[in-house]
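Here's the letter readout for the chains.
4 protein chains.
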Amino acid sequence: MTTLIRGGHIITASDDYIGDILIEGEVVKQIGTNLDVLADKVIDASGKLVIPGSIDPHTHMELPFGGTYSSDDFKTGTIAAAHGGTTTIVDFAVQGKGQTLQEGLDTWHAKANGKCAIDYGFHLICTDFGDDDAPLLHKIMDEEGVSSFKLFMAYPGVFLMDDATIYRVMKAAGPKGGITMIHAENGIVINEIIKETLAEGNTAPRYHALSRPPAAEAEGVHRAIAMSELAKAPVYIVHVSCSEALDEIKAARDKGLPVYGETCTQYLTLDVSCYDEEGFDGFAGAKYVMTPPIRSSSNHQPLWNGLKNGSLELVSTDHCPFFLKGQKELGRGDFTKIPNGGPGVEPRLAVVYDGAMKHGFSLNKWVELTSTAAAKRFGMYPRKGTIAIGSDADIVVFDPEKPVTWGTEREHMNTDYSLFEGMQTKGDVETVLLRGKVIIEDGQYLGTPGEGQFLKRGATAS
Amino acid sequence: MTTLIRGGHIITASDDYIGDILIEGEVVKQIGTNLDVLADKVIDASGKLVIPGSIDPHTHMELPFGGTYSSDDFKTGTIAAAHGGTTTIVDFAVQGKGQTLQEGLDTWHAKANGKCAIDYGFHLICTDFGDDDAPLLHKIMDEEGVSSFKLFMAYPGVFLMDDATIYRVMKAAGPKGGITMIHAENGIVINEIIKETLAEGNTAPRYHALSRPPAAEAEGVHRAIAMSELAKAPVYIVHVSCSEALDEIKAARDKGLPVYGETCTQYLTLDVSCYDEEGFDGFAGAKYVMTPPIRSSSNHQPLWNGLKNGSLELVSTDHCPFFLKGQKELGRGDFTKIPNGGPGVEPRLAVVYDGAMKHGFSLNKWVELTSTAAAKRFGMYPRKGTIAIGSDADIVVFDPEKPVTWGTEREHMNTDYSLFEGMQTKGDVETVLLRGKVIIEDGQYLGTPGEGQFLKRGATAS
Amino acid sequence: MTTLIRGGHIITASDDYIGDILIEGEVVKQIGTNLDVLADKVIDASGKLVIPGSIDPHTHMELPFGGTYSSDDFKTGTIAAAHGGTTTIVDFAVQGKGQTLQEGLDTWHAKANGKCAIDYGFHLICTDFGDDDAPLLHKIMDEEGVSSFKLFMAYPGVFLMDDATIYRVMKAAGPKGGITMIHAENGIVINEIIKETLAEGNTAPRYHALSRPPAAEAEGVHRAIAMSELAKAPVYIVHVSCSEALDEIKAARDKGLPVYGETCTQYLTLDVSCYDEEGFDGFAGAKYVMTPPIRSSSNHQPLWNGLKNGSLELVSTDHCPFFLKGQKELGRGDFTKIPNGGPGVEPRLAVVYDGAMKHGFSLNKWVELTSTAAAKRFGMYPRKGTIAIGSDADIVVFDPEKPVTWGTEREHMNTDYSLFEGMQTKGDVETVLLRGKVIIEDGQYLGTPGEGQFLKRGATAS
Amino acid sequence: MTTLIRGGHIITASDDYIGDILIEGEVVKQIGTNLDVLADKVIDASGKLVIPGSIDPHTHMELPFGGTYSSDDFKTGTIAAAHGGTTTIVDFAVQGKGQTLQEGLDTWHAKANGKCAIDYGFHLICTDFGDDDAPLLHKIMDEEGVSSFKLFMAYPGVFLMDDATIYRVMKAAGPKGGITMIHAENGIVINEIIKETLAEGNTAPRYHALSRPPAAEAEGVHRAIAMSELAKAPVYIVHVSCSEALDEIKAARDKGLPVYGETCTQYLTLDVSCYDEEGFDGFAGAKYVMTPPIRSSSNHQPLWNGLKNGSLELVSTDHCPFFLKGQKELGRGDFTKIPNGGPGVEPRLAVVYDGAMKHGFSLNKWVELTSTAAAKRFGMYPRKGTIAIGSDADIVVFDPEKPVTWGTEREHMNTDYSLFEGMQTKGDVETVLLRGKVIIEDGQYLGTPGEGQFLKRGATAS
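Residue numbers (my numbering), protein chains in the order written: chain C, 1 to 462; chain F, 1 to 462; chain G, 1 to 462; chain R, 1 to 462.
Quick caveat, the hints were computed from the structure, so don't treat them as lab data. Be aware that one or more of the hints could be misleading.
The list treats identical chains as interchangeable, and a pair is accepted whether it falls inside one copy or across any two copies.
Claimed, not checked - Subject to a maximum C-alpha distance of 27 Å in a straight line, what follows is the list of computed DSSO-like cross-link-like pairs (lysine-lysine):
hint, residue 1, residue 2
1, Lys-402, Lys-111
2, Lys-195, Lys-171
3, Lys-195, Lys-456
4, Lys-325, Lys-176
5, Lys-195, Lys-115
6, Lys-97, Lys-195
7, Lys-255, Lys-437
8, Lys-426, Lys-176
9, Lys-176, Lys-358
10, Lys-456, Lys-171
11, Lys-456, Lys-325
12, Lys-176, Lys-195
13, Lys-325, Lys-75
14, Lys-255, Lys-171
15, Lys-456, Lys-41
16, Lys-115, Lys-255
17, Lys-358, Lys-171
18, Lys-232, Lys-358
19, Lys-139, Lys-232
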């Protein structure tokens with residue numbers, strides 16, 4: 001089977017040209033102008049951007065949280081991702097309490113196996129890591145293709161790991177090319193603030209944000225970086241939400257340390273006033289209860305600047321949806337019981353396109369932020385993250401001019417609300433190919449759940 | 001009883017003039033030129049500096065540590081302090097495990113009562129502080145005259161308190177004018193490094209320094225400051241040893257936060273090569289085993305700069321001596337078993353004088369760093385820390401030109417070695433008055449142990 | 001003649017006590033409690049603050065500027081200063097074009113001689129300084145008691161000196177204990193912006209502020225500091241108005257460089273909206289046309305922080321008043337023709353008191369900022385700037401509770417408007433002594449113009 | 001004419017894959033695996049890196065300087081460049097005193113026309129730019145394909161432009177997509193230091209370095225950035241040599257400003273001790289007399305870090321060679337008369353490869369630094385700077401393992417010494433194609449001088 005994408009404006013993280021792409025089977029075989037070939041299928045991409053399939057390295061499908069599960073499973077969530085131009089996700093397997101790393105991984109394989117519409121990998125959330133566990137981690141890296149490990153400084157009693165554990169994972173993973181991902185917030189102090197907040201009778205969703213101030217996030221980032229420096233190992237800060245946290249990353253990078261960070265679509269676009277949204281009996285703010293919380297709009301420009309100058313290397317979503325009815329509602333009367341997270345995997349590519357153009361980014365930078373950087377950081381490159389000879393033919397044809405109005409009517413994620421209801425942007429996904437096969441066309445999913453493959457990933461990029 | 005100090009060059013934190021001081025009983029009664037009074041005793045101070053008695057706000061007399069006790073008790077230690085021109089110390093009472101704050105304080109009162117040659121106060125080291133303990137702390141402040149509370153981020157299993165406890169103490173103490181003092185080092189990660197170090201067979205004293213890198217101290221400082229910011233309470237960082245830690249304090253102060261720091265004589269003068277000192281069967285480096293460790297000499301200039309521009313507000317000693325023989329020796333073959341600390345209370349005033357002059361400080365700044373700042377920070381001002389009408393007549397007559405050679409032969413601290421053996425400086429203590437009474441003259445102690453009084457201290461300065 | 005100030009709350013830059021002050025002739029003779037003396041005059045200061053006479057090191061009396069003269073001469077201006085509790089000013093002599101330094105100085109002596117109500121010194125504005133002029137400058141320092149030299153980076157064609165001249169003055173003055181003062185703004189680029197602004201038809205007073213952005217001031221400060229570093233000489237940045245400029249000073253001080261800065265009352269209190277004040281046929285904003293311009297209120301907190309943490313060392317006024325009618329009016333239709341400056345010498349002490357208290361400063365810091373720091377920086381200490389034995393008895397009795405409403409009705413400066421019309425503060429000057437003689441009492445000037453003496457000043461403080 | 005480069009390891013700024021490249025005429029026509037085509041010429045690149053032709057955006061061929069001319073003309077210099085893998089240079093045309101911009105440009109066209117072995121563009125050095133000259137500059141941009149303008153803050157009396165002129169050029173060029181390049185050093189103050197230095201009898205080459213301290217460079221960078229911010233126009237800082245200057249760029253980029261910088265091969269590799277090189281009658285240090293001077297080795301790591309984290313965007317050479325004999329010699333006895341510059345255009349690609357690998361850079365980053373970034377910054381992309389469909393087939397086949405020993409024996413630049421004599425690196429140029437034609441093979445130049453084309457360049461990248 002061969003496919004020819006003809007005449008598109010091909011954009012990679014560094015290139016920008018008009019050309020034809022010949023796909024043979026699952027990979028890109030040839031790129032040229034006026035390729036003189038007979039292909040089984042021809043896609044006319046003239047006037048459109050042709051970009052590498054987008055990669056979201058931070059999703060949580062079917063995650064158990066606060067007594068419920070995130071409402072997208074690996075089928076619904078990956079179909080929604082595909083609609084949004086995302087052809088690869090890296091989700092998070094969790095080492096349950098009492099489980100080995102391997103058992104945690106196996107549990108997630110069971111969830112995802114046979115259900116995914118797009119390719120996927122797993123990071124592994126460590127919740128127990130002793131002095132002698134480095135060999136087990138190395139085995140996971142070598143045999144299971146899992147090379148990134150996440151630890152939490154937040155959520156005491158649930159995910160929070162002490163500094164010794166974090167340091168040990170860094171020491172174990174780093175020298176083998178693994179990378180440690182940190183949810184960086186001082187959960188211990190936040191817990192104290194939450195106790196004060198509830199004691200004062202403040203239970204509404206907005207107090208979620210007020211009890212997790214930027215200084216608590218920046219503290220976590222600084223500490224994670226310090227440990228990374230001491231462990232001589234790279235660190236990746238997830239979901240950077242505010243300039244205070246970003247400044248810590250900048251300072252470390254200026255010293256030449258291997259410190260990386262991502263932000264998420266919502267931190268670039270929403271602002272803290274969302275928690276005062278009216279409706280749903282005064283509980284509509286629960287839609288935006290996620291961690292870190294949405295910050296004030298004064299953080300938007302610094303975060304865009306950080307993406308532009310490389311202090312932040314990519315945009316993910318931390319996709320972790322819940323229904324407002326029945327799920328978010330668990331926290332009526334006590335914001336700490338609102339399941340944390342929101343639906344984001346679908347709108348990312350287009351929303352970032354819109355913002356990137358408004359902030360004067362190049363098209364290359366947009367592709368880097370939404371695809372290439374994740375592929376390199378998480379050991380999927382050059383198979384993923386680019387349009388180049390031999391790479392998987394994960395390709396998106398993107399209409400740069402088409403207007404979009406966001407909202408539940410349009411979105412496919414399994415929830416009853418949108419983070420961006422009514423927001424208007426320019427630029428939309430038109431066609432999506434996964435390893436050479438068209439899976440989205442004209443807004444229709446044409447694929448078969450289960451054809452998404454698990455990706456064994458390698459070392460992080462230097 | 002009246003005493004007249006005649007014709008001295010009187011230096012306070014801001015003033016610098018020639019004058020006479022009339023002491024009546026325990027306090028300064030009059031200051032003038034050619035005071036026309038008949039005093040019971042006249043001290044001719046012409047050609048000498050006349051300064052407020054020095055204050056060392058960081059000493060550990062008779063401290064239980066590592067299975068032994070620091071070798072100066074409140075008698076020997078305060079006599080040595082007096083020789084050095086120090087008329088007030090603030091030592092640290094420890095809340096023992098299972099004790100209340102009050103019980104900890106009582107234990108230290110029992111140690112010091114009736115033994116001190118100079119006035120003294122107590123900070124209180126908290127090792128247990130629950131959600132409901134604020135009233136107990138307030139009672140200590142109101143009734144016991146203890147307004148400063150110290151917590152450790154180091155020494156896991158011994159003194160280390162988690163962030164919740166630190167934050168709670170800050171929240172309790174701050175609004176009442178109390179101040180929280182932090183030993184800022186990430187003891188958890190250091191513990192991991194120590195395990196690695198010992199596992200590699202590295203047991204000599206120098207590995208003490210190598211296992212406690214500057215980044216671990218700077219991390220602690222940053223975290224302490226973040227908690228202070230979140231608690232809206234002041235914080236005081238003890239024994240800042242390196243520029244990395246200092247930089248965190250600077251950044252906080254530039255934001256206008258009530259963040260204060262001290263350094264100690266030894267961090268301004270010694271350098272890390274001390275750990276390679278030969279002698280004592282290869283164990284002489286143990287003399288310098290203290291926490292934080294002595295750093296590289298590249299830190300000296302930044303620390304002096306920090307004192308000059310106000311980023312650091314005073315110089316203390318962390319005096320905590322042990323005998324090399326019999327005590328430090330406990331750690332032969334395992335640096336973690338070397339009792340931490342060294343003898344410092346005596347040389348401070350003169351060594352800082354020498355350094356301050358070499359670094360172009362004013363005489364006023366020298367007095368501020370060694371006396372006034374501590375009095376204000378720790379609620380002893382205006383009774384202590386200055387020469388002013390109504391203040392305690394704690395006064396030092398200081399010969400600015402007299403050369404000193406440091407070493408055990410000269411020093412009075414109860415130990416078998418000196419941190420500064422052979423070091424030569426200029427400027428020496430000549431006469432010391434405690435509340436109007438001469439207690440040191442011509443190198444002789446003329447006082448009576450026990451005449452030193454416990455100081456009830458008030459709120460920290462703004 | 002002896003005067004006794006009895007029972008006041010005496011505040012110096014470091015002390016704070018209740019006491020009596022005995023003045024004999026022009027100097028402080030004795031300080032004590034319940035001084036048992038018969039004085040010719042007794043002032044009851046109980047319940048009042050007794051502080052060193054205030055020092056304003058930045059005034060411009062009778063300054064030729066823009067075709068007119070500032071409207072206070074040395075008589076009216078110094079009487080107004082006295083009303084405000086200021087007993088010393090340092091004004092600026094100008095080396096006119098074609099004049100020697102000495103001739104410039106002589107011109108100003110002629111203006112001030114026999115007219116001043118308070119003591120005064122001169123800085124010397126250099127407008128010509130060649131390769132061989134260091135000896136002339138040294139002679140001025142040695143024989144004339146002028147140890148501070150000011151150069152402008154602003155006002156091209158008038159005062160602006162090129163970097164070579166500035167550097168040469170720094171090199172000449174520094175090693176002898178002189179200090180170079182810099183008006184730091186990139187006047188060259190500002191000139192270009194002004195041309196653009198006028199070309200666009202923007203001539204109203206507010207465009208004065210818009211054409212002198214903070215970045216132009218920060219640039220000047222950075223450059224002045226760089227030259228000071230290269231010349232190995234101290235530098236003093238006058239009238240720092242914004243956080244961008246302050247940040248440059250902080251960074252230099254953190255490196256240990258001898259870099260100092262002042263701000264002025266108006267930059268701490270007014271905000272840029274003043275330029276839109278209505279009235280006077282749309283020209284009322286001209287009241288606030290000074291250089292640098294008044295900035296946005298977001299600069300207030302950083303400037304207070306800078307004063308608190310020592311990045312800025314004092315508050316001056318840049319007093320340079322003009323009448324709105326007849327003088328400021330010269331710039332109707334062309335903001336560049338509005339004489340630059342405003343009336344400030346009188347309200348400083350009380351306005352800074354009010355602000356300092358609101359920002360949690362100690363009384364000591366207030367005295368330091370308004371008196372002591374200037375005395376030390378500009379070589380007048382210990383004669384001026386403190387209340388100590390042997391110092392000039394320049395003393396202010398200050399009522400800390402008395403409310404003040406500012407405005408032309410109250411103020412004595414020779415102009416037709418107030419910068420602070422209607423502003424209410426707490427704390428007022430009650431009695432002012434100049435070298436032992438009461439010159440202000442109950443709001444009345446009791447002195448004799450001409451009794452103010454010229455001060456020969458010495459080296460700058462380290 | 002078609003050429004097939006078969007089986008090479010193709011590296012672009014973002015891609016990294018094995019593939020074949022088909023060149024048709026002067027451009028890349030197709031890229032694929034096992035391309036089934038008959039090409040006129042086949043180059044086997046298996047085991048080799050295949051990269052875009054290198055671009056050096058900072059050279060000075062045949063530059064008049066100090067009474068002589070740089071010793072490479074456009075023929076010898078571009079042949080040497082080709083040997084080094086460089087297929088494009090951007091040299092600097094100079095607007096002579098009294099000339100228009102156009103006349104300056106024409107003069108340089110005359111020098112280069114018909115002589116170049118590789119493609120070339122011109123930046124334009126402005127030495128006169130008045131209030132009304134923006135249209136002339138726009139004409140140069142629109143009609144002449146020159147979109148970058150350089151101004152000097154150094155060399156008073158020769159190239160130095162005042163801040164008004166610099167600001168005006170920025171204002172004129174920026175809105176049209178032009179970029180202003182700044183030689184950032186405070187030449188005015190440096191001139192004073194030089195006078196002092198010579199007056200002290202210090203005339204040897206090493207005093208060149210001592211009279212141009214890092215603080216003078218950092219000052220220039222800060223000022224250039226401030227002007228760029230005020231002009232709302234991008235700025236590019238040439239030849240950043242030290243961490244102090246780099247820090248200014250970082251700070252600006254962190255604020256989101258369009259500030260860019262380059263460093264040069266020599267600042268990454270040589271250190272200040274070179275000025276003490278023995279030989280040539282004590283004058284060998286003159287080899288390294290260039291501006292800025294070579295700095296201490298402590299700057300190497302910060303500069304590499306700056307390249308890695310994007311604070312610096314590329315490596316150029318500032319190639320400006322002179323013969324030691326007869327040219328550099330002009331400055332015997334007076335370092336100010338030594339022609340400034342050195343031979344660098346040839347070794348750059350390989351020396352940066354060696355350093356980049358040692359510092360853990362990716363191959364992509366190496367290509368970005370030596371080719372792609374310059375193409376984008378200076379408006380030559382996508383024609384130059386990448387290997388993509390439709391791009392000029394400027395391609396280098398690079399042997400990543402071949403050892404190189406640098407020195408005059410190997411190098412082709414027209415001078416009698418090497419900056420890197422004896423230095424050993426790994427990785428060498430094997431084959432170079434210019435627009436599809438092999439011009440270097442096996443160390444032989446196979447081209448025809450004059451086939452290099454002038455490049456009309458467009459807007460700078462965002």
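Hints, verified against the model:
Taking CA atoms no more than 27 Å apart as the test, Lys-402 paired with Lys-111 passes in neither setting, with 36 Å inside one copy and 50 Å between copies. In this assembly of identical chains, the alpha carbons of Lys-195 and Lys-171 lie at most 27 Å apart only when taken from different copies (13 Å versus 34 Å within one copy). Taking the shortest alpha-carbon separations for Lys-195 and Lys-456, neither the intra-copy value of 43 Å nor the inter-copy value of 33 Å comes in at or below 27 Å. For a Cα distance limit of 27 Å, the shortest separation of Lys-325 from Lys-176 qualifies neither inside one copy, at 45 Å, nor across copies, at 45 Å.
In this assembly of identical chains, the alpha carbons of Lys-195 and Lys-115 never lie at most 27 Å apart, being 41 Å within a copy and 45 Å across copies at closest. In the homo-oligomer, the alpha carbons of Lys-97 and Lys-195 lie at most 27 Å apart both inside one protomer (25 Å) and across protomers (25 Å), since each shortest distance falls under that limit. For the identical chains of this complex, Lys-255 and Lys-437 are neighbours neither inside a copy (44 Å) nor across copies (43 Å), given an alpha-carbon limit of 27 Å. Within a single copy, Lys-426 and Lys-176 get their C-alpha atoms only as close as 42 Å, which misses the 27 Å cut-off; across copies the closest is 25 Å, which meets it.
Taking the shortest Cα distances, Lys-176 and Lys-358 sit within 27 Å of each other only across copies (18 Å), while inside one copy they are farther apart (40 Å). Taking identical chains as interchangeable, the C-alpha atoms of Lys-456 and Lys-171 lie at most 27 Å apart only when both belong to the same chain, with a minimum of 22 Å there against 49 Å between chains. Taking the shortest Cα distances, Lys-456 and Lys-325 never come within 27 Å of each other, neither inside one copy (37 Å) nor across copies (59 Å). Taking the shortest Cα distances, Lys-176 and Lys-195 sit within 27 Å of each other only across copies (21 Å), while inside one copy they are farther apart (41 Å).
Proximity of Lys-325 and Lys-75 under a CA criterion of 27 Å is satisfied intra-copy only: 21 Å inside one chain copy versus 71 Å between copies. For the homomeric pair Lys-255 and Lys-171, the shortest alpha-carbon distance inside one copy (20 Å) is at most 27 Å, but the shortest distance between copies (34 Å) is not. Taking the shortest Cα distances, Lys-456 and Lys-41 never come within 27 Å of each other, neither inside one copy (30 Å) nor across copies (40 Å). Proximity of Lys-115 and Lys-255 under a CA criterion of 27 Å is satisfied in neither setting, with 44 Å inside one chain copy and 45 Å between copies.
Taking the shortest alpha-carbon separations for Lys-358 and Lys-171, only the inter-copy value of 22 Å comes in at or below 27 Å, while the best intra-copy value is 41 Å. Taking identical chains as interchangeable, the C-alpha atoms of Lys-232 and Lys-358 lie at most 27 Å apart only when they sit on different chains, with a minimum of 17 Å there against 38 Å within one chain. Proximity of Lys-139 and Lys-232 under a CA criterion of 27 Å is satisfied intra-copy only: 21 Å inside one chain copy versus 47 Å between copies.
Hints 1, 3, 4, 5, 7, 11, 15 and 16 from the earlier list are contradicted by this structure; the remaining hints agree with it.
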